[in-house]
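K.L.:
The primary structure of each chain is shown beneath.
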Amino acid sequence: MWNNIITTALLGTGKKPLLPGDLPADLLPAANIILADKQQDQETHFLQLASLVFNYRQSGVMPLHKEGVALPPCLPEERPYCNTSAVYALQDALDMDLLPLVSFWLECCNKAQQVAVPECIPTLLDIAVAQKRIRNLAVAACGNRGQWLGRMNSYWQFPLANSNEELWQTGTPEERRQVLQEIRQEDAGVAREWLQQTWPQETANVKADLLKVLKINISADDAPWLESLLQEKSQKVKDEVWALLKLIPSSSIVRSYRRILQEVIPADEYSQERGSLSLPLDKAITDSGIATLSNEKNMSDEAFILYQLISYTPVSYWESHFTSLSREDIIEKFTGKFATALVLAAIRFRETAWLKLLLEKDSHFFPDAIELLNAEEQEAYLLRFFETVPQDVIQRMTTITSQWGADITGAILKWIAKNPYQYTRNFFDKHILQLPLSIAGDLEKYAPEEPAYQATWRNTSDHIRKLLSCKMQITNAFNL
Amino acid sequence: MRLTEEQVLTLAPDEASRKAGKALSGDTKWVSKGASELALWGECQGSGSKPYQTQVDLTNIAFKCSCPSRKFPCKHGIGLMLLYSRQPESFTDNTLPLWVSDWIQKRSEKEIQKTEKEEKPVDEAAQAKRQQARIQKVEDGIDELLLWMKDIVRNGIIQLPEKGSSYWENMARRMVDAQASGLAGMVRGLGEINFYSEGWQHIFMDQLLRIYLVIEGYRNQQELPSLMQQELRTMIGFTQNQEALRQQKGINDTWLILSKQATEEDNLTTEKYWLYGLQSHRTALVLQFHARGMSKPQQLLTPGTSIVAELVFFPSEVPLRAIIKEPVITGKLHATSGFTGWQEVVETESVLSGKMPVRSERPYIVQQLTPVQHNMQWWLKDQYQQMMPVKQGFRNIWKLLSLSGGQALDISLLGKEKEYEPLGVWHSNVYKLL
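Here the protein sequences line up with chains A and B, keeping their order. Residues in the first sequence are numbered from 1 upward in steps of one, following the UniProt record's numbering. Residues in the second sequence are numbered from 1 upward in steps of one, following the UniProt record's numbering.
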């Protein structure tokens with residue numbers, strides 16, 4: 001009926017006039033009255049008939065009756081919904097478009113064994129699509145309802161079911177690297193076995209990339225396989241193998257280094273003399289990455305080789321070498337150009353006790369030493385060097401994922417306030433989770449003396465307060 | 001009356017104010033603050049030397065702030081309301097300071113003055129003369145419009161997608177000249193149709209026939225009931241004297257504010273509020289217009305709350321548009337029943353179409369609707385297995401689905417004929433906007 005009106009309208013009444021037969025029987029009496037008025041032109045007849053049908057159509061709408069059309073209902077949630085404060089905190093984090101805070105919210109929600117309220121779930125699932133890093137957290141916080149929605153929206157169907165083994169077999173290079181890293185942290189031997197199994201199928205680039213993961217929890221157990229890999233064709237792979245072998249005290253190469261040092265450095269604690277290196281060095285030594293030409297003006301080639309060998313020899317070795325010397329005396333013996341080599345060795349072989357002793361005596365900043373110290377020691381060490389290398393310390397702090405201590409945070413903020421163009425709001429957006437809540441009240445204290453920078457700091461500290469407030473809301477909302 | 005955060009945010013004039021208001025919702029920003037049953041107030045430290053004094057009338061939501069912002073409400077008002085919704089316990093002071101009590105006092109005095117204000121005497125002869133001249137202009141315009149429409153149907157609408165915007169705009173301007181602004185808007189509506197979308201022919205014909213029905217109705221108004229005559233005159237573009245309307249007896253009820261829709265064109269913001277009367281079961285549309293930065297809305301209505309107010313409807317066979325007679329008292333959203341299923345909705349629609357064929361969409365509340373998928377489309381199924389399609393392009397379908405979880409919900413909807421757009425749902429006894 002209505003389609004007849006549209007057909008006539010499309011072609012025009014000049015080409016296809018509307019006929020009474022085009023209308024439903026109910027409307028024929030009315031249509032006949034309209035058409036009987038011969039004073040009206042064809043267009044008026046059409047407009048009047050079409051108006052009649054228009055109202056007939058809109059007056060007679062009926063709903064569709066259909067049995068059996070249903071959605072399987074969502075399973076009830078096993079965990080309680082988060083409270084209203086948590087919803088508001090999430091909305092604030094979303095409004096600020098700050099992924100670290102959204103991620104923090106999701107972590108807290110999961111930690112508190114709660115789920116997001118239904119109205120937030122579509123937004124969280126959309127974020128999970130765009131941000132792979134927080135996908136698992138988001139999916140967990142969306143509970144059964146998230147999974148139920150995912151079954152109807154293909155964008156929200158995440159491959160959650162994939163086990164680590166499946167990811168290792170079929171994942172992207174990045175996924176495989178992450179899985180191997182995870183396994184390596186849990187069970188170093190299993191990670192090595194997985195890599196051994198797929199080794200022949202991997203390309204040189206992938207091999208080099210995956211080998212880097214073995215640095216985690218490296219031990220003597222890895223040495224035999226790694227040494228067998230020295231026959232690989234790719235230089236890139238061989239370089240990675242050497243780098244790893246040089247971290248294992250019992251590996252052949254580290255033992256070779258030790259033998260050379262044994263010959264050159266007399267075990268006599270009173271002797272200040274040292275023997276000469278037998279040059280040229282073995283090919284295996286140079287292949288392992290020991291450079292033979294000094295890159296420092298004040299260090300001879302021979303001293304440079306020794307420096308490298310000492311840095312690749314566990315510090316504890318010197319305790320057996322100088323049997324009657326105390327640790328302090330050993331350090332004393334290496335004072336001067338070889339002192340930093342000892343620190344590097346302690347870092348490489350993760351000799352924490354030695355490292356702490358060496359760091360106390362050394363005036364250089366070793367960023368890599370940080371991860372071997374506990375939180376308190378880290379902060380004290382970083383504060384010690386803050387005055388001399390502030391940006392290096394800040395850079396190192398950004399890699400610490402746990403919450404920063406109040407003192408070091410204070411020092412950093414004070415420096416940033418004085419150097420407003422080095423670190424912008426973006427820095428705080430990224431590192432808001434590391435900032436302790438306690439600094440909110442102290443921000444005014446860090447205001448720079450330079451009047452020109454005070455307004456900038458006022459704006460920055462307002463921004464930091466806003467971020468901290470959102471973080472505090474999240475913490476309070478989940479009662480954590 | 002304490003609004004929820006979501007409700008406060010719907011009061012913000014724009015997205016920037018929402019964000020700025022949120023930034024001011026922290027305790028530290030406020031030098032002092034207090035709340036009583038009548039008002040909410042606070043002093044916010046801004047960039048100036050003195051803090052801004054922000055105050056909110058809680059009985060009949062209204063804002064005042066000493067800041068220079070032209071936005072209404074300003075970010076301080078939004079921030080203060082947000083803080084109150086989050087931490088009401090921090091508003092320990094409940095004695096109105098002088099600057100707040102003065103304002104509240106002045107507001108109530110103004111209300112009394114408004115009701116007492118007498119109208120100026122009108123020169124009826126001059127008015128009748130002006131009216132006659134206008135009617136003549138409108139009739140001339142209508143004749144021209146009808147001729148133009150007949151041309152379109154004679155030649156066929158198949159050619160229309162090729163017409164440029166001037167084709168529509170010229171006729172709309174002609175209607176403006178003829179002082180038929182309502183018809184001008186309807187003609188512009190024709191030009192705004194997306195002629196490249198599927199089914200444009202149906203949309204076009206619907207609109208064309210609406211114009212035709214209005215024109216013919218107006219031309220034959222003597223044969224029609226008085227209410228329809230008045231409504232047709234309004235559709236043509238004759239304005240309704242709102243002050244005269246305000247003098248008429250309205251309907252006292254508790255009105256649920258189901259939704260707010262705001263659009264902005266040429267700096268003029270149009271706010272549409274959809275209301276539902278708890279006792280009268282009447283639905284209403286309250287329109288407010290305000291120019292950005294130049295004026296403020298008469299009433300601040302918060303979706304998701306209710307108001308106790310007297311509403312006067314514009315004359316119509318199927319009354320919908322209304323004005324609110326002040327004062328209003330804002331309250332919580334009450335539970336309501338609405339229709340039990342689609343059959344009741346379509347029966348009501350049929351009655352309305354029988355009374356007035358040219359009418360806009362209306363709000364409904366329908367109990368126990370479940371969103372379902374059928375033939376690649378989303379539908380709302382009632383408890384009697386009757387279904388109606390959800391409006392094409394409805395943006396918040398996933399929010400609706402998430403709230404439903406496959407279970408039936410009481411839903412407020414806006415629509416007519418075969419397309420309904422969900423406005424809000426009652427979820428766990430709380431009304432949630434979509």
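Warning: the hint list may mix true and false statements.
[Unchecked claim] Derived DSSO-like pairs: lysine-lysine, alpha-carbon spacing no greater than 27 Å straight-line: (1) B/K137 to B/K272; (2) B/K355 to A/K132; (3) B/K260 to A/K15; (4) A/K445 to B/K391; (5) B/K50 to A/K16; (6) A/K430 to B/K19; (7) B/K391 to A/K66; (8) A/K16 to B/K163; (9) B/K432 to B/K416; (10) A/K15 to B/K129; (11) B/K260 to B/K416; (12) B/K19 to B/K332; (13) B/K355 to A/K66; (14) B/K260 to B/K332; (15) B/K418 to B/K332; (16) B/K150 to A/K66; (17) A/K233 to A/K215; (18) A/K215 to A/K356; (19) A/K333 to A/K111; (20) B/K399 to A/K111; (21) B/K399 to B/K260; (22) A/K38 to A/K132; (23) B/K355 to B/K418; (24) B/K150 to A/K38; (25) B/K50 to A/K66.
Source of the hints: derived by calculation from the structure; they are not laboratory data.
K.L.:
Now look at each hint and say whether the structure bears it out.
P.N.:
Evaluated hints:
1. B/K137 to B/K272: Judged against 27 Å, a Cα distance of about 31 Å means the pair is violated.
2. B/K355 to A/K132: Not satisfied, since the Cα-Cα distance of roughly 57 Å exceeds 27 Å.
3. B/K260 to A/K15: violated, 46 Å
4. A/K445 to B/K391: violated, 57 Å
5. B/K50 to A/K16: Not satisfied, since the Cα-Cα distance of roughly 76 Å exceeds 27 Å.
6. A/K430 to B/K19: holds, 20 Å
7. B/K391 to A/K66: Holds: B/K391 and A/K66 sit about 19 Å apart, inside 27 Å.
8. A/K16 to B/K163: holds, 22 Å
9. B/K432 to B/K416: With Cα atoms ~22 Å apart, B/K432 and B/K416 stay inside 27 Å; holds.
10. A/K15 to B/K129: violated, 46 Å
11. B/K260 to B/K416: holds, 18 Å
12. B/K19 to B/K332: holds, 25 Å
13. B/K355 to A/K66: violated, 30 Å
14. B/K260 to B/K332: holds, 16 Å
15. B/K418 to B/K332: violated, 32 Å
16. B/K150 to A/K66: violated, 42 Å
17. A/K233 to A/K215: Roughly 21 Å separates the two Cα atoms, so the pair holds.
18. A/K215 to A/K356: Holds, at about 22 Å.
19. A/K333 to A/K111: Between A/K333 and A/K111 the Cα gap is close to 52 Å, so the pair fails against 27 Å, i.e. violated.
20. B/K399 to A/K111: holds, 25 Å
21. B/K399 to B/K260: Judged against 27 Å, a Cα distance of about 18 Å means the pair holds.
22. A/K38 to A/K132: Roughly 72 Å separates the two Cα atoms, so the pair is violated.
23. B/K355 to B/K418: Since the Cα atoms of B/K355 and B/K418 sit roughly 19 Å apart, the hinted pair holds (cutoff 27 Å).
24. B/K150 to A/K38: Within the cut-off at roughly 16 Å; holds.
25. B/K50 to A/K66: Distance of about 66 Å is beyond 27 Å: violated.
Consistency note: the structure conflicts with the earlier hints numbered 1, 2, 3, 4, 5, 10, 13, 15, 16, 19, 22 and 25.
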